[in-house]
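K.L.:
Sequence:
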Amino acid sequence: MNKLREAGNRMLFWGALLLFVWAGYELSVRYDTLSKSTYTVFLMSRDLNASLFDVLFKYHYYEALKLPLFLLVYVIFALFVFFFRGRPRIGYASIPISLLLIWSSFDARVFFSRSLWEMLKLLPLLLIISGSLINLIFYYYVRKRRREMAASLPAEGRRFQ
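If you want my numbering, it's the position in the sequence shown, counting the first as 1, plus 33.
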């Protein structure tokens, strides 16, 4: 049973690491677009004597910021899973967040995509989901076994637990 828990922790480790590397790479690639669009927004706000928010929303420059912010959420989530992977109850947060990220990033079209690259982007999130499920199952199984063992001990043996 200990190997099952190790497998869950390894899946979480590799899933978080792959997600961090992939999202970090994508974010670094998008840095050029992000820097050019922010410079343009600053110049427009200075020339028009308007606030940054007016320029962002009036001229739809927030569209250029959506993807980098989304990738930043991926990086933060990967770090969250990476640092808290030893705790079995991390699955309560990581499973719904992973499913939400899958749904929002691909709009459920990835399952019908012909591109292998699109399918490979799901691998880190699927590893996180499966590792979290294994850890949750293992956690509840061990907890149940401990309760059964504690109930079966004689009264004088319970004082050492």
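It should be emphasised that the hints constitute simulated quantities derived from the structure, not laboratory data.
Incorrect hints may have been included.
[Said to hold, decoys possible] List time: in silico DSBU-like cross-link candidates among lysine-lysine, alpha-carbon distance up to 35 Å:
(1) Lys91 to Lys69
(2) Lys69 to Lys177
(3) Lys36 to Lys91
(4) Lys154 to Lys36
(5) Lys99 to Lys177
(6) Lys91 to Lys177
(7) Lys36 to Lys69
[Claimed, not checked] Computed spacing ranges between beta-carbons, pair by pair:
(8) Ala40 to Phe113: 14 to 22 Å
(9) Leu98 to Ala184: 53 to 61 Å
(10) Leu102 to Ala184: 47 to 55 Å
(11) Leu132 to Val54: 16 to 24 Å
(12) Glu181 to Phe115: 28 to 36 Å
(13) Ser137 to Leu85: 21 to 29 Å
(14) Tyr174 to Phe117: 15 to 23 Å
(15) Phe113 to Glu39: 18 to 26 Å
(16) Tyr95 to Ser148: 52 to 60 Å
Since the structure is predicted, the reported quantities are computational estimates derived from the model, not experimental observations.
In this text, a Cβ means the ideal position worked out from N, Cα and C, and glycines have one as well.
K.L.:
Hint numbers the structure violates, sorted upward?
P.N.:
2, 3, 5, 6, 7 and 16
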